[in-house]
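There are 2 protein chains.
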Amino acid sequence: MPDAEGHPSTGEMDLRTVLGALADPLRYGVVAALLREGEGAARTCASFNLPVSKSTLTHHFRVLRESGLIRQVDRGNSRAATLRREDLDQRFPGLLDLVRADS
Amino acid sequence: MPDAEGHPSTGEMDLRTVLGALADPLRYGVVAALLREGEGAARTCASFNLPVSKSTLTHHFRVLRESGLIRQVDRGNSRAATLRREDLDQRFPGLLDLVRADS
Chain A
905 MPDAEGHPST
915 GEMDLRTVLG
925 ALADPLRYGV
935 VAALLREGEG
945 AARTCASFNL
955 PVSKSTLTHH
965 FRVLRESGLI
975 RQVDRGNSRA
985 ATLRREDLDQ
995 RFPGLLDLVR
1005 ADS
Chain B
905 MPDAEGHPST
915 GEMDLRTVLG
925 ALADPLRYGV
935 VAALLREGEG
945 AARTCASFNL
955 PVSKSTLTHH
965 FRVLRESGLI
975 RQVDRGNSRA
985 ATLRREDLDQ
995 RFPGLLDLVR
1005 ADS
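Chains as they are written, first to last, in the working numbering: chain A, 905 to 1007; chain B, 905 to 1007.
Derived by calculation from the structure, the hints in this document are not laboratory data. Mixed in with the good hints there might be a few duds.
As the list claims (entries may be wrong) - Among the chain A residues that face chain B by a calculated CB cut under 8 angstroms, a handful are:
(1) 912
(2) 920
(3) 924
(4) 1006
A virtual CB, placed ideally from N, CA and C, is assigned to each residue, including glycine.
Build the full structure now, drawing on both the sequences and the hints.
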């Protein structure tokens, strides 16, 4: 079962759900940006400067979180997102390499 | 430029478009089924027995074709679909392995 924040465990990650999360250009951009950062880098949602409303931003980050692509952690009044590299490399070997090669 | 049938060349294939094509359960099922067939196997759209109308079926196969996942060839009054394995392995190494591991 996903945790209280909606993060699935590695075994719960579903390939089709992850592909659907990546198919959106804004969400893909967030993952590609996190991938370019150093391992374990955490960024706030606002730092991506996405041209969408706050509720749409919340929606996109929920899709990313519930697919397992990112982990979101509370930081007082903002949330920071990290890419779940290790989990993704374990569950879907080669997936992040495809995104990396495409960036 | 894609050919007259809408097939992109290998270099024209776009990762996000391919991921979006795979994110739909019916389309994913078609790709997974073709992947289980022998190399070069060709199947008619009808052979997949998808529970959708003919126009929806046409739509899904167009999305698959225009993303580059399948090649469709005319066979008199039906069309047969083949998976573009070699092209996909060249353009997106490891992608089909992920679908194979998931099936």
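(request) Taking the numbered hints from earlier one at a time, note which ones the structure violates and give those numbers from smallest to largest. (result) Checked against the structure, the only hint that fails is number 1, while the rest are satisfied.
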